[in-house]
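Position chain B against the provided structure of chain A, taking the given hints into account.
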Amino acid sequence: MEEFTVVGKRLPRVDAVVKATGEAMYAADMELPGMLHGKMLRSPHPHARILNIDTGRAERLQGVKAVVTAKDTLGYRYGDLILGKGDEPFLATEKVRFVGDEVAAVAAVDEDTAEEALQLIDVEYELLPAVFDPLEAMEEGAPLLHEHAANNIACKSTMRFGDVEAGFRRSDCVREDRFETQPVCHAFLEPHAALATYDSTGKITFWGSKQSPYFTYRNMPRALGLELSKVRIVQPFIGGGFGGKNEMFSLDFTAALLSMKTGKPVKIVYGQEEVLSAGRQRNPTIMDIKTGVGKDGTIMAIKCRIVANGGAYISIGRMTRYLMGSVLALPYRVPNLEYDGYRVYTNNQVCCAQRGHGVPQVRYAAESQLDMIARELDIDPLDIRLKNALQPGDNTVNGFRITSCGLTECLQKAGEIKKWREEWGELPPNKKRGIGFGAYGFVSGPRVAGHNTAGAMVKVHEDGAISVLTGATDSGQGSDSCLSQIAAEVLGLGLDKVRLVMPDSEVTPLDPGTFGSRVTFVSGNAVWIAADDARKQLAEVGAELLGAHPEELVFRNEQVFVRDDPEKNMPFTKLVKSACYSGTGRTIMGRGYFAPELEVPNYETGEGNMSATYSFGAQAAEVEVDTDTGKITVTRMKVLHDCGRAINPMHVEGQLEGSVCGGLGQALLEDKIKGKDTGQASNPSFMEYKLPSAVDMPDIESEAVETIDPVGPFGAKESGEGVQVSTVPAITNAVYDALGVMVKTLPVTPEKILKALEKENEE
Amino acid sequence: MKQLISLNVNGETHELAVFPWRTLQEVIREELKLTGTKKGCDTGDCGACTVLLDGRAVLSCLLLAVRCQDAEIVTIEGLAESKDRLHPLQEAFVNHGAIQCGFCTPGVILTAKALLDSNPNPTKEEIRVGISGNLCRCTGYAKIIEAIQAAQSA
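Protein sequence lines correspond, in order, to chains A and B.
Sequential numbering of the first sequence, starting at 1, is according to the working numbering.
Sequential numbering of the second sequence, starting at 1, is according to the working numbering.
Honestly, the hints are just simulated from the structure, not real lab data.
Bear in mind the structure is a predicted one, so any value in this text is a computation, not a measurement.
Glycine included, C-beta positions come from ideal geometry on N, C-alpha and C.
Any given hint might turn out to be false.
Calculated cross-link-like contacts (lysine to any residue; reagent style SDA-like; alpha-carbon spacing at most 25 Å) [stated by the list, open to error]:
#1 LYS33/B / MET35/A
#2 LYS124/B / GLU703/A
#3 LYS690/A / GLY133/B
#4 LYS264/A / LEU32/B
#5 LYS432/A / ASP378/A
#6 LYS2/B / ASP110/A
#7 LYS33/B / GLY271/A
#8 LYS83/B / LEU500/A
#9 LYS431/A / GLU125/B
#10 LYS83/B / MET30/A
#11 LYS9/A / ASN95/B
#12 LYS33/B / GLY34/A
#13 LYS631/A / SER132/B
#14 LYS124/B / TRP424/A
#15 LYS9/A / SER153/B
#16 LYS9/A / GLU91/B
#17 LYS2/B / ASP112/A
Computed footprint of chain A on chain B, listed as stretches where at least three residues anywhere in the stretch have a Cβ under 8 Å from a Cβ of chain A [as the list claims (entries may be wrong)]:
#18 1 to 14
#19 56 to 62
#20 66 to 78
#21 101 to 107
#22 138 to 150
For reference, chain A alone in the conformation it holds in the complex:
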């Protein structure tokens, strides 16, 4: 008999049908009677003092119901999840700090009227000098964005582990390189949307495209001066998040504020241009990295200085600068590690988490440099990775405890692509091919700050179906299905017996949301415990009916039977009905909660075990470069990911393939371009900002490598982010293999390739 009946199966998503038919409602699809439409007025200047805002003309426009500015707010500032020292007002107070900063908002009877009203708001600005480059921003005398942050340093980390200088002395090859990465947008297709309604009991009900509704639940009452439970956050379907829909943003707050002002429901939907020009993005970085390696390939020391261009506000930047350093200890054994990380304020769009959060930048630098070192030492790039790969039971210098780890197996399987070389045959003189590897480790359910508790409830319906209630959000990654499969397995039900319940702060239990690759691992455990609790409640009833002890009962294939006497059995539905309807009746409601036992790491020194487990993996890219045009085509990729156990291999593959797509975009195509002195977005549309389309994507062989984690639910770990971490270096290393040229700034455009080839020819 197979071990599991639901877990490990390639079952369709629980929400797939309503998404295929268009019935799935996203925030922008929702309407309420009498609803008004809101629009935001944004700053046209990168840095300016607000001297006066005159809303009179806008208010007098027919159809306008309210205009709000900072003076209508309590002055609450958001961002900074780590220390709670938020620096970003929902509507600008004394200053604006980037082009697109929200200054005022309008609610009107329709979108056109609201848009027109924006033109009638008169804002008097005193222009201030602006700074866009993070290194310039750190210089003495640079324009200061925030009074509290000298040299515009929002935060820094200083990590010192072991003795890097001794490590370098023992090395046979020491390289120092500077790598730079570009700003990348999340590029979810669903723009931010919020709908809020304030009722006569003083309660706000809110629907929004939030991948972590909990942050809005916690922030909105504070920002509006309401009791926590007077704010109800209901989650509709989410059109992608990738880290960019975690925080409560200006539109969320403003929709609620405008509803309080007008007494009517207010909806605000950003245009994609607003999202791309004024929304969050991935931190661009300048990374100086020095690595020492012995002649046998052993990594001796890494020293790294990273300056992250964080933009105008802190957001989750304290975490970013910590992650960028701490993950240098993954996925290889690094005995000596030194890191100085700066997250710097500039008059740019604000940076936050994005799939892989800070780690893709670092792995691009570290993995690319490793290939250059391997070449100098004449070691195969795969061998140098195998040589240093972390193993189960390892502790890293900064305190990460490695439990399950399938990196070696992932690397070995990735290495099978070497046979691709034999398939190339004779290439035309202007075509060069190469293969490259990248490896990674990633957190799975880290404790970021405060708590990391996930709660779950499993309600058993009278007909034998169940509802799984959690506060975890499926922003597209498939967690609702994953959690449903876990609950179904525990209760011996088919997936078709699980009814989907979306997070609703009034009903579903506490869960901070979707970030840090935590949902499968943390919320999954909570669901496992809750389902098991429901199973135990039913087993008590079943034991009486079947004349056995509760522990002897097995729940499987919608039947309940005695383990050693399967003739004694009854259908699950009959058991449920017996429990619910006989005697006094019972309410079968399983309850569970889980948080990995972790301390919050020290973000300044980097000490601590951030995550109860880590995912690992490797990937290999094959590229073809046209040396006449510089065009790079990724022709094939192979992705191996240690996800502990694949709760649903089809969905894991989907995560791996999607991650490759994001990574390929960052490697080759995507870049947010700004006017050099204006800070104005030059390419805020999907026409000009190039995310990969179907023709840009190679065939991808993806495979989950299972290690069965000791703590994960059914042994599962994350699969949502790790892979994206090393797609970029797999591609840059393949280009390096093809041409012998390492491009050290992203994206690797044809222009850069041609310039590099030209330079090489001159030399």
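Below, chain B without anything else, positioned relative to chain A:
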């Protein structure tokens, strides 16, 4: 001034008064409440608002509703025969894991429908080119292509 127009959507005729500058997407979503047609970019770049116009896949955010009066329009809501019988493409997208966040899904499915109607046996490359106007940030397109291949042989 609003204009009176008649739109044939999913086999039903709707008499509507709309401003002449209203796009087909706006009228479909706001007047007909068919919200399966998504508003992703509103500038014709992402493909999320794709509908069928006389069998061709078109971007409804780039078309004025008043220009579509003589056409047969199909939105995602009109693709399945009935609530309990999905179109083979929808079935394939569901079964092959081609849907993640689902925001691009209606547009991709309708683009695929038009593609298969004009070319019943496209190669993988033809599928890639065929759906290249529909952006998806979630899936990496692999399972979308797989689903379209499965639907063509269904």
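For each hint, the structure was consulted:
Pair hint LYS33/B plus MET35/A holds up; C-alpha atoms about 15 Å apart against a cutoff of 25 Å. A distance of roughly 21 Å separates the Cα atoms of LYS124/B and GLU703/A; the hinted pair therefore holds under the 25 Å criterion. Our distance criterion of 25 Å between C-alpha atoms is met by LYS690/A and GLY133/B, whose separation comes to about 12 Å. Simply put, LYS264/A and LEU32/B have alpha-carbon atoms about 23 Å apart, close enough for the 25 Å limit, and the pair holds.
Distance check on the hinted pair: LYS432/A and ASP378/A sit about 21 Å apart at the alpha-carbon level, within 25 Å; holds. For a cut-off of 25 Å, the pair hint linking LYS2/B to ASP110/A stands: about 15 Å separates their Cα positions. Restraint check for LYS33/B and GLY271/A: satisfied, since their Cα atoms lie roughly 19 Å apart, inside the 25 Å limit. Restraint check for LYS83/B and LEU500/A: satisfied, since their Cα atoms lie roughly 19 Å apart, inside the 25 Å limit.
Distance restraint check for LYS431/A and GLU125/B: the Cα-Cα separation of roughly 21 Å lies within the 25 Å cut-off, and the hinted pair is therefore satisfied. A distance of roughly 21 Å separates the Cα atoms of LYS83/B and MET30/A; the hinted pair therefore holds under the 25 Å criterion. Between LYS9/A and ASN95/B the alpha-carbon distance is near 12 Å, which keeps this suggested pair within the 25 Å criterion. Restraint check for LYS33/B and GLY34/A: the C-alpha separation of about 16 Å stays at or below 25 Å, so the hint holds.
Note on LYS631/A and SER132/B: the hinted pairing holds, with a Cα-Cα distance of about 19 Å set against a maximum of 25 Å. Distance hint between LYS124/B and TRP424/A is fulfilled; the C-alpha atoms sit about 21 Å from each other, no more than 25 Å. Of the pairs offered as hints, the one joining LYS9/A and SER153/B holds, with about 24 Å between alpha carbons and a cut-off of 25 Å not exceeded. Restraint check: the Cα-Cα separation between LYS9/A and GLU91/B comes to about 18 Å, which is no more than 25 Å; the hinted pair holds.
Between LYS2/B and ASP112/A the CA atoms are separated by roughly 15 Å; this keeps the pair inside 25 Å, and the hint holds. Coverage of the stretch 1 to 14 of chain B by chain A is violated. Counting CB-CB distances below 8 Å, 0 residues qualify, and the rule asks for three or more. Counting residues of the stretch 56 to 62 of chain B whose C-beta lies closer than 8 Å to any C-beta of chain A gives 0; at least three are required, and the coverage claim is violated. Taking a C-beta to C-beta cut-off of 8 Å, the stretch 66 to 78 of chain B contributes 3 residues in contact with chain A, enough for the three needed, and the coverage statement holds.
With a cut-off of 8 Å between beta carbons, the stretch 101 to 107 of chain B has 6 residues touching chain A; three or more are needed, and the interface restraint holds. Given as covered by chain A, the stretch 138 to 150 of chain B passes the check, having 8 residues with a CB less than 8 Å from a CB of that chain where 3 are the minimum.
Of the numbered hints stated above, those contradicted by the structure are hints 18 and 19, listed in ascending order.
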